[in-house]
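Chain by chain, the residues:
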Amino acid sequence: MKTYMSDQEDQMTLEPQGEDAPVQDQSAVDALETVIEVDHVNFAYIPGTDVLKDISMNINKGEVTAFIGPSGCGKSTLLRCLNRMNDLIPKAGLTQGEIRILGTDIYHPEVDVIELRKHVGMVFQKYNPFPKSIYENVAYGLRIQGVNRKSVLDEAVESSLKLAGLWDEVKDRLDSSGLGLSGGQQQRLCIARTIAVQPKIILMDEPCSALDPISTTIIEELITQLKQEFTIVIVTHNMQQATRVSDRTAYFYLGELIEMDVTTKIFTNPSQQKTEEYISGRFG
Amino acid sequence: MSLNDEKKTPENEKDGRVVFRRKGFQFLGMGLQDYIRVFFGGNASLAIIVLILICLFLLREAAMFFPDHHQGLKSYRQGGQELVGYVSDEVDAHTKVYSSANIAYFAEVGRTSIHEDKQLRAYRTVLANVEQSTKYTWARLERYLDEAEDLNDDVEDLREDIEEASADAEADAEDLKKDQAELAEIEARLKQLEPLIAKEREQLEKEVQTALGTSRVWDLDIAARGLSDEELSMVREAVVFEAYPDAEDEHESIQNLKQVSRDKKAAEAERLADFKETLNGIRDSIRPMKSLYGEMKDISVANRREIDAFSTAPARRAALLAGVEQTDDPAEKERMQKQADEVVIVEPDYDAINEPLYALVPQHGELAGPLQDEMNKLFRQLPQEVETKSARENMKRAAVYYERFDNTVTNNRDRILDWRHDAPLSLWTSTTSFMFGKHWITNSSWHDFYGLLPLFTGSLLISIIALTVSVPFAVAAAIYVNQIARFKEQSFVKPAIEFIGAIPSVVLGFFGILVFGEALRNISQLEWLQWVPGFPMAERLTILNAGLLLAFMAVPTIFTLTEDALNNVPAAFSENSLALGATKLQTVFRVIVPTAVSGIIAAILLGFGRIIGETMVVLLVAGNKIKIPDFTEGLGVVAQPAHTMTGIIAQELGEVDSGSLHWRALFMVGMVLFVISLLVNWAAQRTLKRLQKI
Ligand SMILES: Nc1ncnc2c1ncn2[C@@H]1O[C@H](COP(=O)(O)OP(=O)(O)OP(=O)(O)O)[C@@H](O)[C@H]1O
Ligand SMILES: [Mg+2]
Chain A
49 MKTYMSDQED QMTLEPQGED APVQDQSAVD ALETVIEVDH VNFAYIPGTD VLKDISMNIN
109 KGEVTAFIGP SGCGKSTLLR CLNRMNDLIP KAGLTQGEIR ILGTDIYHPE VDVIELRKHV
169 GMVFQKYNPF PKSIYENVAY GLRIQGVNRK SVLDEAVESS LKLAGLWDEV KDRLDSSGLG
229 LSGGQQQRLC IARTIAVQPK IILMDEPCSA LDPISTTIIE ELITQLKQEF TIVIVTHNMQ
289 QATRVSDRTA YFYLGELIEM DVTTKIFTNP SQQKTEEYIS GRFG
Chain B
279 MSLNDEKKTP ENEKDGRVVF RRKGFQFLGM GLQDYIRVFF GGNASLAIIV LILICLFLLR
339 EAAMFFPDHH QGLKSYRQGG QELVGYVSDE VDAHTKVYSS ANIAYFAEVG RTSIHEDKQL
399 RAYRTVLANV EQSTKYTWAR LERYLDEAED LNDDVEDLRE DIEEASADAE ADAEDLKKDQ
459 AELAEIEARL KQLEPLIAKE REQLEKEVQT ALGTSRVWDL DIAARGLSDE ELSMVREAVV
519 FEAYPDAEDE HESIQNLKQV SRDKKAAEAE RLADFKETLN GIRDSIRPMK SLYGEMKDIS
579 VANRREIDAF STAPARRAAL LAGVEQTDDP AEKERMQKQA DEVVIVEPDY DAINEPLYAL
639 VPQHGELAGP LQDEMNKLFR QLPQEVETKS ARENMKRAAV YYERFDNTVT NNRDRILDWR
699 HDAPLSLWTS TTSFMFGKHW ITNSSWHDFY GLLPLFTGSL LISIIALTVS VPFAVAAAIY
759 VNQIARFKEQ SFVKPAIEFI GAIPSVVLGF FGILVFGEAL RNISQLEWLQ WVPGFPMAER
819 LTILNAGLLL AFMAVPTIFT LTEDALNNVP AAFSENSLAL GATKLQTVFR VIVPTAVSGI
879 IAAILLGFGR IIGETMVVLL VAGNKIKIPD FTEGLGVVAQ PAHTMTGIIA QELGEVDSGS
939 LHWRALFMVG MVLFVISLLV NWAAQRTLKR LQKI
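Chains as they are written, first to last, in the working numbering: chain A, 49 to 332; chain B, 279 to 972.
So that you can see chain A by itself, here it is in the shape it has in the complex (with noise of 0.2 Å):
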């Protein structure tokens, strides 16, 4: 897998890194860090059925990954196995492998899920920010970290706002109802939540399929944005939004990886001849 980084590494240092100084040499430094490893990975939601087979990848820190493949393949389910929120469904679970995440293996027993989520956050299909104000929205992953400092708060709030480019649409009302706003206003306003947290870890399952076109572009700007601070997996069934936003995309069927590579190569140039087809299928 560490082949595949070397065409990236001059990106990745070349990339403009925040304000602060020594994460930009640590990054540059750690630009071909994997942080998520995917290791012979089985899962089952039924025993007896597994919905994923045999899955091994890496995930590089700084990069886009884009999941795509047909329908009911498998991806979603992987995505939520990395940050266990298929725990919530009982009898479903790993049955075979590993998943180490910044090199610990997240199904050991000791790990605190807790932990693990508020560095790996994620951005649902369906937008769905609470009934609650857009502050207290933003407010909410730091809330309940036991964070009740008003300029705390408010410093996050505004820099996460920032960040998902919505502050200057709600810099106004930020007491008003967060379901008030637009879809798109509303996606980004989830996007806004699960960075409040500071995940290092991001991930999105079809975080556009819900939006308009004009939303959409939108927020795949904000994904380009987002990937200077934040690793993004991000699921999705349109093609193009994998090649505008990713750098690296994985192709499942049937619950099987067939292949991952750069983008650019898994759309010009597949090494495997399903990818192809998939992908020409898909383009026409």
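If you are wondering where the hints come from, they were derived from the structure by calculation, not from laboratory data. Please note that a few of the clues may not be correct.
Within a straight-line C-alpha distance of at most 27 Å, the following computed DSSO-like cross-link-like pairs (lysine-lysine) qualify [said to hold, decoys possible]:
#, chain 1, residue 1, chain 2, residue 2
1, B, Lys862, A, Lys166
2, A, Lys198, B, Lys862
3, B, Lys862, A, Lys180
4, B, Lys667, B, Lys542
5, B, Lys967, A, Lys180
6, A, Lys166, A, Lys180
7, B, Lys477, B, Lys456
8, B, Lys543, A, Lys139
Residues from chain B that keep clear of chain A, each with C-beta distances beyond 12 Å, as calculated [as the list claims (entries may be wrong)]:
#, residue
9, Thr390
10, Ser855
11, Gly859
12, Arg868
13, Gln963
Listed next, the stretches of chain A that the computed footprint assigns to chain B, with coverage defined by at least 3 CB atoms under 8 Å from CB atoms of chain B [to be verified]:
#, stretch
14, 122 to 136
15, 178 to 192
16, 241 to 255
17, 316 to 323
Remember, predicted model here, so these are calculated numbers, not experimental data. Even for Gly, the Cβ is constructed at its ideal location relative to N, Cα and C.
Please build the complex by placing chain B with the ligands on the supplied structure of chain A, with the hints as guidance.
Chain B with the ligands in isolation, oriented as in the chain A frame:
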């Protein structure tokens, strides 16, 4: 009826026959479908019509209350009863001061003999219980013993007679023989009685022992608790001694105890002689006022009788005349006609009949000032420091009552002077005196008061208790079941709680009387719970008891609706929150419950509606005392009995004449309940609507 239209289409009529002919059942041009529709539609509209009729009926009856009530209040004023009522208030207020202080005095006097009195009370309680459970055998034995005694007397008399007769040679031999025969007969009967008496005595002995063996008999009042085993066995012995109809005297130990108790009390009474003297002073201070009150009362009662006779005269006469019309018997006709003619409709001269009352007003003025002064002096003389808890409490109460008495007299001064029997009475007064009236007194020889306040406070207090208990419980249970419990628990807990709603309230009421009330009182008597306000409770049927039972009844309503509200929160909220690193509990309390809060409020409101409208349980369990609870006891007020708005309707509506003022007053109470329910439901609907918007 779209099908009928088809017939008229030209296409159908083209060749003289209907093409799309309806098949199946057909009658009077309507098909089965139409009849089914008419049937259900008819039922629905019938229900609505009945509802409207009920509302109209309620409204009419309730609205008629006000003119009648107004008339009643007017009579109350015109007859001078209002004036006398002021004086009566003063006397009542004074009596309260005296009786509280008096109770305190007796508590103090009994201070040193508490232990003896405890034993005596235990003795009396146990004896009464034993006698209760042996009463039939006891009665039989008594009968035999009485008979035996009588016979023995007879035997003695006969023996004497016989002796005399045999000494006297002149005596009639016949008589002698008869006497001897009688004697033999009696002696035979006595012989017969002997085993019977022995048998009953044995039986009684057994029953006494059995009774003493059951714990119920020893279920002693709180005040009698804390006796040593020795003392209890003494009590037992005394009870066994006393348990027979032919027991001569009380057991020696009881006599001793009584003597000791008396002596100790006498000693204390001597020490407290000053207290007693002050008390007597208080008692006597009201005498002149009381007799003035009596005098005034007699006058006003007579006035009222006259006024009532006048106001009912036309109706009486009309009834008699109607009777004349109906009977065929000429004699009867004539009698009734005569009676009807005798009914005189003469309006009383209100000025004249109130004259004697006005004449007494200055006298009241002369009495009131000195009474106040004297009470002030006497009240200060009451001991400030008392030893027993009961005395302290009652002295505190007396102080409150004294304050009230003093205020009453002060406030009354001008009111009595300014009072006029012909002062105008606005219709509004009849409303306020119903809504805010402090007394609900019916079938009274004085005046019937229809004040809602005692019933309203009763209902309110009971509802408050029921809500404070049931809301946290039901909401917590709903949150637990909906959010935290595992599926297995859910499928068990939910039906269990919902089942409570299926218990008929009369059953719960019986449970409340027989089991819960008793248990509650026993709990209230536990030594280590005495800090709780209102404990120990003297009554079984109290506001608290009713409130707790209603809480139990409200739980399923609140639980089910809260659960629904929680269920309506989209699962995505929970997922989003968890994905942000929230724990399950944080998710529940920061996202799910706040989202469902308007649904939960609606649930609580509907629970409140259920509570305030409940009849059977409160009727059986609340104690039905029509009086505003005494709030001087603070939170302990819940240990008192009360009556409720629903309870009074259920209890009294069956017994009053339809169309009477009392009847209408009950309808008004129903109206108030109706309005409360309406408001509650409306508020609940509104909050629910808000929930649906998100
Ligand atoms: N909660 C569940 N219980 C049982 N099976 C499930 C559950 N969720 C998904 N599956 C099954 O797992 C397989 C993978 O589903 P998944 O949702 O991961 O597909 P996907 O690739 O995200 O599809 P889509 O593109 O339509 O979202 C499917 O066959 C689906 O039927
Ligand atoms: Mg999916």
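Below or equal to 27 Å on CA atoms is what counts here, so check Lys166 of chain A against Lys180 of chain A. Between Lys166 of chain A and Lys180 of chain A the Cα gap is close to 21 Å, so the pair holds against 27 Å.
Are at least 3 residues of the stretch 178 to 192 of chain A within less than 8 Å of chain B when you compare beta carbons? holds (count 7)
query = Do the alpha carbons of Lys198 of chain A and Lys862 of chain B lie within 27 Å of each other, as the hint requires?
reply = Status holds; Cα separation ~25 Å.
Reported absence of Ser855 of chain B from the contact zone with chain A (all CB gaps over 12 Å):
Per Cβ check, Ser855 of chain B is inside 12 Å of chain A; nearest 7 Å; violated.
- Does Lys667 of chain B pair with Lys542 of chain B here, judged by a C-alpha cut-off of 27 Å? holds (19 Å)
*Between Lys967 of chain B and Lys180 of chain A, does the CA-CA distance stay at or below 27 Å?*
holds (18 Å)
Minimum Cβ separation between Arg868 of chain B and chain A greater than 12 Å? violated (7 Å)
Hinted pair, alpha-carbon criterion (27 Å max): Lys862 of chain B, Lys166 of chain A. Please report holds or violated. Holds - the C-alpha atoms of Lys166 of chain A and Lys862 of chain B are around 14 Å apart, at most 27 Å.
request  = Apply the coverage criterion to the stretch 122 to 136 of chain A and chain B: a residue qualifies when its Cβ sits closer than 8 Å to a Cβ of the chain, and three qualifying residues are needed.
outcome  = n = 3 at 8 Å, threshold three: holds.
Check your understanding: Given the proposed pairing of Lys862 of chain B with Lys180 of chain A, does the C-alpha separation stay at or below 27 Å?
Key -> holds (19 Å)
- Query: Since Gly859 of chain B was said not to touch the interface, does its Cβ keep a gap of more than 12 Å from each Cβ of chain A?
  - Reply: violated (4 Å)
Pairwise hint evaluation, Lys456 of chain B against Lys477 of chain B, where the allowed Cα distance is 27 Å at most: violated (32 Å)
Comparing the model with each earlier hint shows violations of hints 7, 8, 10, 11, 12 and 17; every other hint is respected.
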